[in-house]
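Enquirer: Here's the letter readout for the chains.
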Amino acid sequence: MVLIAAAGLQSGSHASGLQQGPAPALVSILAEELDRNFRILGEKAEPKPYYICYRAAEIEGGTLAAALGSVAQRDISRRRNLDVTVRVGTPKMDNFHLLKGERPRFTASAALPVEDVRPAIARIAWRETDRAWRAAAQRLMQLESAVKMRTESPETADLPDFSDEPPSVSFLEVPPQKFSPDEWAAKLRKWSAIFAEFPLLVSSSITLQWQREIRTLVSSEGARLQHGRHFYRIMISAAAKGYDGNDLTLFESFDADDAARLPRDAAVEQAVRKVGAQLTALLRAKPAEPWVGPAILSGPAAGVFFHEIFGHRIEGHRLRDETEGQTFANSVGKPVLPEFLTVVSDPTLRRTAGVDLNGWYAFDDEGVPAQRVTVVENGILRNFLMSRLPVPGFPRSNGHGRAQPGFEPLSRQSNLVVESAKRVSRAELRRLLEAEIRRQNKPYGLFFERVTGGFTRTRRGGLQAFTVIPLLVYRVYADGRPDELIRGADIVGTPLASFSKILATGDEPEVFNGYCGAESGNVPVSVVAPALLVAEIEIQRQPESKDIPPILPRPQGEVRP
Amino acid sequence: MKRILLLLFLTAGMAAPQMQDAAVQAKIQAAFASDPILRAMAEELGRARQLRSLGEAVYFGEVSADDAESFSVSATLGALFAPQRASLRPVRPLLRVGAPNFDNTGSVFSDFFPGTRFDSGLLPLDNSLLALRHALWLAFDRAYKTAYGALGRKAAALRGVTQSEVLPDFWPATPVVVLETPARARVDDAAWTQRVRQLSAVFAAFPSIASSGVEFQVSQGMSYYLNTDGSVVRVNDRIAYLRVRAVTQAPDGMVIYDGDSLETVDPGRMPQEPELRQAVEAVAKNVDALAAAPMGQSYSGPVLLEGIAAAQAFGEVFGSNLGVTRRPVAEPGRQVPVPASELEGRLGLRVLPDWMDLIDDPGQREFGGRPLLGFYLVDLDGVRPQRLAVVEKGVLKALLTTRQPVKGMDGPNGRSRLPGAFGLKIPRISNLFVQAAMTESEAALKKRLVDLAVQMGREYGIVIRKLDFPSFGSIEDLRQSAAQAGRSGGAGRPAPTPILVYRVYPDGREELVRGLRLRSFGTRQFRDILAAGDRLHQFDYLDNGAPLALTGAGNFVVGCSVVSPSLLFEELDLEPATADLPKPPIVPPPQ
Numbered sequence: 001m002v003l004i005a006a007a008g009l010q011s012g013s014h015a016s017g018l019q020q021g022p023a024p025a026l027v028s029i030l031a032e033e034l035d036r037n038f039r040i041l042g043e044k045a046e047p048k049p050y051y052i053c054y055r056a057a058e059i060e061g062g063t064l065a066a067a068l069g070s071v072a073q074r075d076i077s078r079r080r081n082l083d084v085t086v087r088v089g090t091p092k093m094d095n096f097h098l099l100k101g102e103r104p105r106f107t108a109s110a111a112l113p114v115e116d117v118r119p120a121i122a123r124i125a126w127r128e129t130d131r132a133w134r135a136a137a138q139r140l141m142q143l144e145s146a147v148k149m150r151t152e153s154p155e156t157a158d159l160p161d162f163s164d165e166p167p168s169v170s171f172l173e174v175p176p177q178k179f180s181p182d183e184w185a186a187k188l189r190k191w192s193a194i195f196a197e198f199p200l201l202v203s204s205s206i207t208l209q210w211q212r213e214i215r216t217l218v219s220s221e222g223a224r225l226q227h228g229r230h231f232y233r234i235m236i237s238a239a240a241k242g243y244d245g246n247d248l249t250l251f252e253s254f255d256a257d258d259a260a261r262l263p264r265d266a267a268v269e270q271a272v273r274k275v276g277a278q279l280t281a282l283l284r285a286k287p288a289e290p291w292v293g294p295a296i297l298s299g300p301a302a303g304v305f306f307h308e309i310f311g312h313r314i315e316g317h318r319l320r321d322e323t324e325g326q327t328f329a330n331s332v333g334k335p336v337l338p339e340f341l342t343v344v345s346d347p348t349l350r351r352t353a354g355v356d357l358n359g360w361y362a363f364d365d366e367g368v369p370a371q372r373v374t375v376v377e378n379g380i381l382r383n384f385l386m387s388r389l390p391v392p393g394f395p396r397s398n399g400h401g402r403a404q405p406g407f408e409p410l411s412r413q414s415n416l417v418v419e420s421a422k423r424v425s426r427a428e429l430r431r432l433l434e435a436e437i438r439r440q441n442k443p444y445g446l447f448f449e450r451v452t453g454g455f456t457r458t459r460r461g462g463l464q465a466f467t468v469i470p471l472l473v474y475r476v477y478a479d480g481r482p483d484e485l486i487r488g489a490d491i492v493g494t495p496l497a498s499f500s501k502i503l504a505t506g507d508e509p510e511v512f513n514g515y516c517g518a519e520s521g522n523v524p525v526s527v528v529a530p531a532l533l534v535a536e537i538e539i540q541r542q543p544e545s546k547d548i549p550p551i552l553p554r555p556q557g558e559v560r561p
Numbered sequence: 001m002k003r004i005l006l007l008l009f010l011t012a013g014m015a016a017p018q019m020q021d022a023a024v025q026a027k028i029q030a031a032f033a034s035d036p037i038l039r040a041m042a043e044e045l046g047r048a049r050q051l052r053s054l055g056e057a058v059y060f061g062e063v064s065a066d067d068a069e070s071f072s073v074s075a076t077l078g079a080l081f082a083p084q085r086a087s088l089r090p091v092r093p094l095l096r097v098g099a100p101n102f103d104n105t106g107s108v109f110s111d112f113f114p115g116t117r118f119d120s121g122l123l124p125l126d127n128s129l130l131a132l133r134h135a136l137w138l139a140f141d142r143a144y145k146t147a148y149g150a151l152g153r154k155a156a157a158l159r160g161v162t163q164s165e166v167l168p169d170f171w172p173a174t175p176v177v178v179l180e181t182p183a184r185a186r187v188d189d190a191a192w193t194q195r196v197r198q199l200s201a202v203f204a205a206f207p208s209i210a211s212s213g214v215e216f217q218v219s220q221g222m223s224y225y226l227n228t229d230g231s232v233v234r235v236n237d238r239i240a241y242l243r244v245r246a247v248t249q250a251p252d253g254m255v256i257y258d259g260d261s262l263e264t265v266d267p268g269r270m271p272q273e274p275e276l277r278q279a280v281e282a283v284a285k286n287v288d289a290l291a292a293a294p295m296g297q298s299y300s301g302p303v304l305l306e307g308i309a310a311a312q313a314f315g316e317v318f319g320s321n322l323g324v325t326r327r328p329v330a331e332p333g334r335q336v337p338v339p340a341s342e343l344e345g346r347l348g349l350r351v352l353p354d355w356m357d358l359i360d361d362p363g364q365r366e367f368g369g370r371p372l373l374g375f376y377l378v379d380l381d382g383v384r385p386q387r388l389a390v391v392e393k394g395v396l397k398a399l400l401t402t403r404q405p406v407k408g409m410d411g412p413n414g415r416s417r418l419p420g421a422f423g424l425k426i427p428r429i430s431n432l433f434v435q436a437a438m439t440e441s442e443a444a445l446k447k448r449l450v451d452l453a454v455q456m457g458r459e460y461g462i463v464i465r466k467l468d469f470p471s472f473g474s475i476e477d478l479r480q481s482a483a484q485a486g487r488s489g490g491a492g493r494p495a496p497t498p499i500l501v502y503r504v505y506p507d508g509r510e511e512l513v514r515g516l517r518l519r520s521f522g523t524r525q526f527r528d529i530l531a532a533g534d535r536l537h538q539f540d541y542l543d544n545g546a547p548l549a550l551t552g553a554g555n556f557v558v559g560c561s562v563v564s565p566s567l568l569f570e571e572l573d574l575e576p577a578t579a580d581l582p583k584p585p586i587v588p589p590p591q
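If you're matching them up, the sequences are chains A and B in order.
Under my numbering, read the first sequence as residues 1 to 561, first letter to last.
Under my numbering, read the second sequence as residues 1 to 591, first letter to last.
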């Protein structure tokens, strides 16, 4: 479960109302073929399906990358994929039943033509339905005998495998946007040339990714949906190699759902110079030492922290999988966070304070409308993120069943919003940190300005640990000395312990936009969080590598973008 | 400016080019001045040549790159998948440390780099000299560290071992200068998109065929190669092809497939629409007919490979076996399964009947008015290939060699055609000509087949008119072929699946059958060819180095052609495919 990072600022705006119109051609073609297969399989197949769903994802977009004033990559494509879900048995127990940590996967994501030609599309859907039904029937047979030989925990023994949800019908247009790759190529060349000012970096690049996504869903329950959105991302990245073999990298990214809201040239150029300067400084920075003590996490860093140590544990499907750690299985109605924190998962939120959020959508990948969910209220756990897989105490979906095309939907995060009732100004937060440093009698505290990805092991058997990878970390002194950059730190610790140690938060929520990769593939997500003051965070030194920097001096010359 | 460039080229540590010709020098300088890719490659290769700081000096270096633009589009049943355009510049640097007698190549460690990788394997798409040099700088840095690490590990792996055969790791070769100017053919993308859509609609008339598709792809660009011997190569590299594939299930569930590919090295001269349509229709008809045909039965007896099937057989069996790639050095007890050549160690022995010769000739551009696919000027090692008499009067006289020394041969013969693993290149045929001193008419061959079959107590003889080569199967089909070959003693090397197999009865009647596999089909069977026909058949194909040249399995392809008469084999074994049959769908196909 890895996150890829970005940064931003505040305040909100929600998904607009639904529109109707005639069904788009793809919806009709798929619906007709689905109904035909459902009817005939219902008459002739054993076991017969009780539910069939066709999901098509059309992604039109591309990637442009430039380095040192030169375009390095230019990929433009448009593709459509079809995922077929077939459920046999009954909602009480079907072929998706979770058995001992297995993740059943029936879809193989078939390529669809981009033209709405009925015979071609129907034929592919027909083949995929046959394949999915065969795989479903086989697994159901295996399950029926396996289940007889095992005991199930009492909480999950009577839970159905599929919840009852009313089907939705909605066709939301996703108008194409004006976007010129060639114009942006010129900008990328110009911006990437700036990295030539930082000769100690080994490699650098500026990447622009754009995507128009249209999701179509039809089901045997009568769901008929088409919706989608745009994604735009500018990613600045650079890498250097320390004298001790440590890899040093820095990223900065900007996300928007409209090209018009991507940052202006000046903002990007400033960000490029900042990355170049900070990475150069990191090369000279002192290596981190193992340490435990108080720290401030910047808003975006706090966001990653919450996504990893908290967000994955509120994904409902984990409570049905007995190999999962299930940290919160018995915590509903109990405090799991300090009482001044409220955490909401809101996939209906499109923007907050001028920044577009990655994690909004109109309908999830099981056809359930997106819903705002209060996960934690004043520190008390109230809800999990739910797909159509019921968990103890939560029989219904709340629109969080998500999947990357090619995967089966599972409960996943969307936009995680962390609200605090104990907000202080940035200066005051800093002062509180200094006070805590003195109180704990530590030589210094830490400030995590920027972090990236991270992974969590939520399964039993593995260590219940998380590592969020810090990129920019400073030692903060309580005696007036300036902040000191250190490098090669890794945050470690155990999740439950860290939660109770949040002392206060800042008053400016910041956005972290990224992509979360977990069991149902990569899905776009965001976290909106203020800076956090934590009483105890533990770091260790990143392992050294014996790998040396490039031997020959880098080629000299003029960069002419 | 030109003088300075020449100085750079020489003083940067490269051996002075052998060519004393001032005109050639001038040509090279002009090319450097006008071609940033070439210049960047030369400058960074020159710098990399000097690397010795880890304790091992570079004694040879090379770098190759492709600058290609491609367009592809496919369709099924009259519906398009989105056309794709791509520009890609893959780059492959290689540095050798140690000495020609013993260097870092040819071991399982040769490609292994444990550190952080900063190079992407691609060159930037713009022609900025600095950006190109930066990418090459990083690529050569990794190449040097990889070479250094590999040399040490290779030496360590051999410490406790006495090698049965000690051969040097690198042969010398004469440097070559070939500088072509770009020759890009005009290709009408929109017209091809329309054509592909229409051709895919041919299958609408065959509703029982479960899945079908037509694809067109064209790639045009230049291939670059430089080495520290002084070779400078820039040649046009172009390919275009139309491919069709169809799959269905017979009533008993057996999966039936067929495909065809029409390719050309001059994208402006693809076959015309009627020929393309005919190829698509032929695949459709084959699949339909095969699905309705009866299952074949086990057969051991004479087999006539008629028409292109004979050429395909030679291409598949001899195309790869004529080249020997030495087994890579590995830790003792940890051998890497690398397919061995059946012809290794057979120089001077009979491999074909004594009335047959085999010639490999990359210098021919066409045969009988039809373009050949195997023409090329210089190989991936920068060696100029010559016409090679591979088999003379049935005796194996030469193997296809790269610059990796092989037993029985004394130098490279310019057959490095595919990039391989372990720092090596893979040898392949170019244009292979099968020559028979004794021939019979096609009709006489068929009669002889049946007579012989009857003599051996059979009711019929078998004629094969098409093999699945290059294979249009899936990876799963390939695995099943290899498994079946393994069980029948075929050393796990998959034999090509026969597609069009006919029983021929004494009364002249023919019957198409399906589902037969060749049991062990390799070079051994070619020794017992009884007779050859009097007509020559040409078969062109793209080889990508994968087993059975599995279509779509590799990014790097080379054109090959085989010209062969029909061939009567004395005895081949055919047996029905033994895999379990998947049930056909319960739901009938959509109308």
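Just so you know, the hints here were simulated from the structure itself, not pulled from any lab data.
Keep in mind that the hints are not guaranteed to be accurate.
Below, a list of computed lysine-lysine pairs in the DSSO-like style, where the Cα atoms sit at most 30 Å apart [said to hold, decoys possible]:
{"no.": "1", "chain 1": "A", "residue 1": "K274", "chain 2": "A", "residue 2": "K286"}
{"no.": "2", "chain 1": "B", "residue 1": "K583", "chain 2": "A", "residue 2": "K148"}
{"no.": "3", "chain 1": "A", "residue 1": "K92", "chain 2": "A", "residue 2": "K178"}
{"no.": "4", "chain 1": "A", "residue 1": "K48", "chain 2": "A", "residue 2": "K286"}
{"no.": "5", "chain 1": "A", "residue 1": "K286", "chain 2": "A", "residue 2": "K546"}
{"no.": "6", "chain 1": "B", "residue 1": "K407", "chain 2": "B", "residue 2": "K397"}
{"no.": "7", "chain 1": "A", "residue 1": "K501", "chain 2": "A", "residue 2": "K422"}
{"no.": "8", "chain 1": "A", "residue 1": "K148", "chain 2": "A", "residue 2": "K44"}
{"no.": "9", "chain 1": "A", "residue 1": "K274", "chain 2": "A", "residue 2": "K546"}
{"no.": "10", "chain 1": "B", "residue 1": "K285", "chain 2": "A", "residue 2": "K92"}
{"no.": "11", "chain 1": "A", "residue 1": "K187", "chain 2": "A", "residue 2": "K44"}
{"no.": "12", "chain 1": "A", "residue 1": "K286", "chain 2": "B", "residue 2": "K145"}
{"no.": "13", "chain 1": "A", "residue 1": "K178", "chain 2": "A", "residue 2": "K100"}
{"no.": "14", "chain 1": "B", "residue 1": "K583", "chain 2": "A", "residue 2": "K48"}
{"no.": "15", "chain 1": "A", "residue 1": "K187", "chain 2": "A", "residue 2": "K92"}
{"no.": "16", "chain 1": "B", "residue 1": "K397", "chain 2": "B", "residue 2": "K285"}
{"no.": "17", "chain 1": "B", "residue 1": "K583", "chain 2": "A", "residue 2": "K44"}
{"no.": "18", "chain 1": "B", "residue 1": "K145", "chain 2": "A", "residue 2": "K546"}
Enquirer: Are the hints correct? Go through all of them and say.
Expert: Now the hints, each set against the structure:
no.: 1; hint: K274(A) - K286(A); in the structure: holds, 19 Å
no.: 2; hint: K583(B) - K148(A); in the structure: holds, 28 Å
no.: 3; hint: K92(A) - K178(A); in the structure: violated, 48 Å
no.: 4; hint: K48(A) - K286(A); in the structure: violated, 65 Å
no.: 5; hint: K286(A) - K546(A); in the structure: holds, 18 Å
no.: 6; hint: K407(B) - K397(B); in the structure: holds, 13 Å
no.: 7; hint: K501(A) - K422(A); in the structure: holds, 14 Å
no.: 8; hint: K148(A) - K44(A); in the structure: holds, 27 Å
no.: 9; hint: K274(A) - K546(A); in the structure: holds, 28 Å
no.: 10; hint: K285(B) - K92(A); in the structure: violated, 48 Å
no.: 11; hint: K187(A) - K44(A); in the structure: violated, 60 Å
no.: 12; hint: K286(A) - K145(B); in the structure: holds, 27 Å
no.: 13; hint: K178(A) - K100(A); in the structure: violated, 49 Å
no.: 14; hint: K583(B) - K48(A); in the structure: holds, 16 Å
no.: 15; hint: K187(A) - K92(A); in the structure: violated, 56 Å
no.: 16; hint: K397(B) - K285(B); in the structure: violated, 42 Å
no.: 17; hint: K583(B) - K44(A); in the structure: holds, 14 Å
no.: 18; hint: K145(B) - K546(A); in the structure: holds, 12 Å
Against the hints set out earlier in the document, violations occur for numbers 3, 4, 10, 11, 13, 15 and 16.
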